[in-house]
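Visitor: Heads up: the sequence lines are chains A, B and C, in that order. Residue 65 in the numbering used here sits at position 65 of the first sequence; the count goes up by one each step and never skips. Residue 400 in the numbering used here sits at position 400 of the second sequence; the count goes up by one each step and never skips. Residue 168 in the numbering used here sits at position 168 of the third sequence; the count goes up by one each step and never skips.
Treat each hint with caution, since some may be false.
Below, simulated DMTMM-like cross-link-like pairs (lysine to aspartate or glutamate); rule was C-alpha separation at most 25 Å, straight line [stated by the list, open to error]:
1. A:90 <-> C:169
2. C:253 <-> C:119
3. C:21 <-> A:73
4. C:168 <-> B:65
5. C:284 <-> C:172
6. C:167 <-> C:94
7. A:5 <-> C:198
8. A:3 <-> C:14
9. A:3 <-> B:209
10. C:158 <-> B:289
11. A:5 <-> C:14
12. C:269 <-> C:169
13. C:21 <-> A:97
14. A:3 <-> C:263
15. A:5 <-> B:65
16. B:207 <-> C:14
17. C:21 <-> B:227
18. C:158 <-> C:263
19. B:207 <-> C:263
20. C:21 <-> A:31
21. A:3 <-> C:13
22. A:3 <-> C:94
23. C:91 <-> B:227
24. A:5 <-> C:222
25. C:91 <-> B:54
26. A:5 <-> B:209
27. A:90 <-> C:13
Footprint (simulated), chain C over chain B, 3 or more residues, beta carbon under 8 Å [said to hold, decoys possible]:
28. 77 to 86
29. 93 to 103
30. 218 to 227
Derived from the structure by calculation, the hints contain no laboratory data. Cβ coordinates follow ideal geometry from the N, Cα and C atoms, glycine included.
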Amino acid sequence: MPKPKVRPYVRPNSPAAYPVGPCFTAGHLVETNASWRSERPLVTALLCTGCQRCVRACPDGAVFQVGTGVAIDYDFCKGCGICVRECTVKAITMVSERGPHAV
Amino acid sequence: MPSNSLASNTQSHFISGNEAVAWGARLARPHVIAAYPITPQTIVIERLAEWVSDGQLASEFLHVESEHSALSACMGASALGARSFTASSSQGLLYMAECLHYASGGRFPIVMMNANRALALPWNIYGDQQDSLALLSSGWIQIYIEDAQEALDMTIQAFAIAEHADVLTPVMLNLDGFVLTHTYEPVQIPAQEDVDAFLPPFRAVSKMDLDAPTNMGFTAGPAHYTEFKVQQHRAMLEVTRVAVEVDTEFGRRFGRSYGGAVTPYRCEDAEVVLVTLGSVAGTVRDAVDGLRGRGVAVGMLKLRFMRPFPAHEIALALIGVRTVGVLEKDVSFGSAGAVFSEVASTLAGAANRTVLLNFVAGLGGRDISRADVEQMFADLIAATTQPRERVRFVNVQETNNV
Amino acid sequence: MSEALSAKLSLPDDELFLGHKACAGCGGSLAVRLALKVLGERCFVVLPAGCMSAVGFVYPQLAFGCNAIISTFAGTASMMSGIAAAARALKLRDYYVVGFAGDGGTADIGLQALSGAIDRHENFIYICYDNEAYMNTGVQKSGLTPFGARTTTSPAGKRAAGARSRKKDLFEIVAAHGVDYAATATVAHTYDYLRKVEKARATVGTSFLHVLAPCPTGWGIETDQTLEVARGAVDCGLWIQAEYEGGHYRINKSPRRFKPIAEHLASQKRFAHLGKADIAAIEKERDGRWKRLQRLSGGG
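Chain A with its partners taken away, still in its complex shape (with noise of 0.2 Å):
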């Protein structure tokens, strides 16, 4: 599978209705990780040389290709800084999610 989404869960109303002990779908994801960020990282996309440095140091898979640049899964990001940090060009920065640019 390419990235499970995040999907509605509903809690199971019974035992019965439970899976048959601790056994279910693979990559069942039921909540983002964006609370845990204090900082956001950002791209420009006019700096980013699409070396992928960043894709591949994200322990977090947030960082992704898209066309010859890469974007952020701002879902998945905890804004742990290490792409920032790996890039070479300096086309990332982190701004603070309390800035003009939180959400």
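Here the structure of chain A is known, so what remains is to put chains B and C in place on it, guided by the hints.
Guide: Chains B and C alone, transformed into the frame defined by chain A:
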């Protein structure tokens, strides 16, 4: 020792309890066998290894490095939907204790033979039932075998029970160490094609699958854990019905059946019944016959299943029985034997205030003679409703009983 | 399966480890994510109790997109063995059996099972993500905690100066079993790591990868320094990039000069308390390890 060629139903083979289990496992065609040696189980895995190595049994045989690994490997196999088998005893069984709960909680229908053996310390390799009875809460179906024929037959039945869609719970088959594991008896070995017809391939419900991937063995917090445990308990309760269905079908095909979770013997009009489990039932049956011959109204209730605990069947069999003794080869220090505690709890509401005594005997392989059993019946007959001591150690070397 | 990745610039888009609850900047999760880029979705993944299982499998948030199962803490390699055996018995095709276990789950409690599995030449890939302590339970000392490191069970204060024992030499322990393929790697030297995962994938028999996976929480570094600190460990010689293949040891890169150890240690709060004597001892130990591994690999 029978020839290694597959035998037919009509021929009797003089084999040990261990060999009977090995035959049962062989005939069930497990995909994976993982085993670590421990006295008195070793013959089971040796026979299986011989058959695998000379091509008579097409199982994967893993020489694992511990009992914990043996059961871990079986769980891994089961998680792919493969049928798996292992065997252990005492120290090994306790070493894999964490895995017992893991397997039952994971709903892996593994079948394991346990050679009942005393637990260290002190070290003792002989048979008693402390090992399995100390693990009644592990979530495994527990069956106690009386003789070698039953050992073979129940090994096959165990896979059918375990893998049943309403059960999906692992099974522990208990054989008294040395007394049953190493005693030779005439046993009929069914033909492979007949067992294949009886025991269908394992169709796993919960498994890892390359075409439909799953995540297994996950964490369930306070909001969910209870529901998984309730599932386990309810599945265990289904075993009562499923085991009878499996046994009835087995009887239809092979001409041998064992009934349900309990086997009453001359209990119908008994005033005194001795409840017991495992191979000592043979000795108790002899003692019952002897006493009955002298006009004493006694009987025996043999428990074949300890999990699920057959409370209903026990209560039914003991209606109107004034005095009940429980003979077992274990004790929960500071309390009583595990079987006694559960039987007593079952009979607690009995209308006629049953007298109850617990006989703890046979620890560390100490022999239980017919005379010992006759003395137990004498104690029961003499017992009043307020016995001096309910838990009695038999044949302790001192003048007063404990 | 897919062609060699390390020659290409791009990794496949699939994220087979997504939505997990690891700390921001977690080295271990990067080790898992990168390996699965190489191995793909036709995997049976086994993880023991530890960081990666704790963060990836909290029902109903299940972060592995491929088959994955949690084993008992001690039972990763034995569960993997059972899976490998079942896969053979069921005649499955085109799959990998891979385990991700931490340093504690590998070198301490899991060592027995790993030893047995290597002895049987089980056909699987075992990856140890080494964050140098029992991080999941709150940073307690493990057998792979380096000398001098502060952990909650080897504290540093007025009278104590962190762990006093040597880091077990896990790579040599595994190699001494005659394993089919073993290598060390880090989460920062990406292509080296990916190349080694590819080699493991192609190996018939048991492969073992020992991956340095810095832990911001436990090491006392910022969340964005994970890869830098991993590079630092290699640059000052504390982490040796090596392989064991076909019965021979090979050091991947022998720097002519090491960067100063003191600087690398000072960058992590877990070493902040170390005095000159301890740092000198660490240097001496590093030199001894290099000498031994150079001897084992047949020269300098």
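Visitor: Take the hints in turn and mark each one as holding or not.
Guide: Structure-based check of all given hints:
{"no.": "1", "hint": "A:90 <-> C:169", "result": "violated, 38 Å"}
{"no.": "2", "hint": "C:253 <-> C:119", "result": "violated, 29 Å"}
{"no.": "3", "hint": "C:21 <-> A:73", "result": "holds, 15 Å"}
{"no.": "4", "hint": "C:168 <-> B:65", "result": "holds, 21 Å"}
{"no.": "5", "hint": "C:284 <-> C:172", "result": "holds, 19 Å"}
{"no.": "6", "hint": "C:167 <-> C:94", "result": "violated, 37 Å"}
{"no.": "7", "hint": "A:5 <-> C:198", "result": "violated, 28 Å"}
{"no.": "8", "hint": "A:3 <-> C:14", "result": "holds, 6 Å"}
{"no.": "9", "hint": "A:3 <-> B:209", "result": "holds, 18 Å"}
{"no.": "10", "hint": "C:158 <-> B:289", "result": "violated, 78 Å"}
{"no.": "11", "hint": "A:5 <-> C:14", "result": "holds, 12 Å"}
{"no.": "12", "hint": "C:269 <-> C:169", "result": "holds, 24 Å"}
{"no.": "13", "hint": "C:21 <-> A:97", "result": "holds, 20 Å"}
{"no.": "14", "hint": "A:3 <-> C:263", "result": "violated, 40 Å"}
{"no.": "15", "hint": "A:5 <-> B:65", "result": "violated, 42 Å"}
{"no.": "16", "hint": "B:207 <-> C:14", "result": "holds, 23 Å"}
{"no.": "17", "hint": "C:21 <-> B:227", "result": "holds, 24 Å"}
{"no.": "18", "hint": "C:158 <-> C:263", "result": "holds, 23 Å"}
{"no.": "19", "hint": "B:207 <-> C:263", "result": "violated, 50 Å"}
{"no.": "20", "hint": "C:21 <-> A:31", "result": "holds, 11 Å"}
{"no.": "21", "hint": "A:3 <-> C:13", "result": "holds, 8 Å"}
{"no.": "22", "hint": "A:3 <-> C:94", "result": "holds, 21 Å"}
{"no.": "23", "hint": "C:91 <-> B:227", "result": "violated, 35 Å"}
{"no.": "24", "hint": "A:5 <-> C:222", "result": "violated, 30 Å"}
{"no.": "25", "hint": "C:91 <-> B:54", "result": "holds, 21 Å"}
{"no.": "26", "hint": "A:5 <-> B:209", "result": "holds, 20 Å"}
{"no.": "27", "hint": "A:90 <-> C:13", "result": "holds, 23 Å"}
{"no.": "28", "hint": "77 to 86", "result": "holds (count 7)"}
{"no.": "29", "hint": "93 to 103", "result": "holds (count 3)"}
{"no.": "30", "hint": "218 to 227", "result": "holds (count 5)"}
Consistency note: the structure conflicts with the earlier hints numbered 1, 2, 6, 7, 10, 14, 15, 19, 23 and 24.
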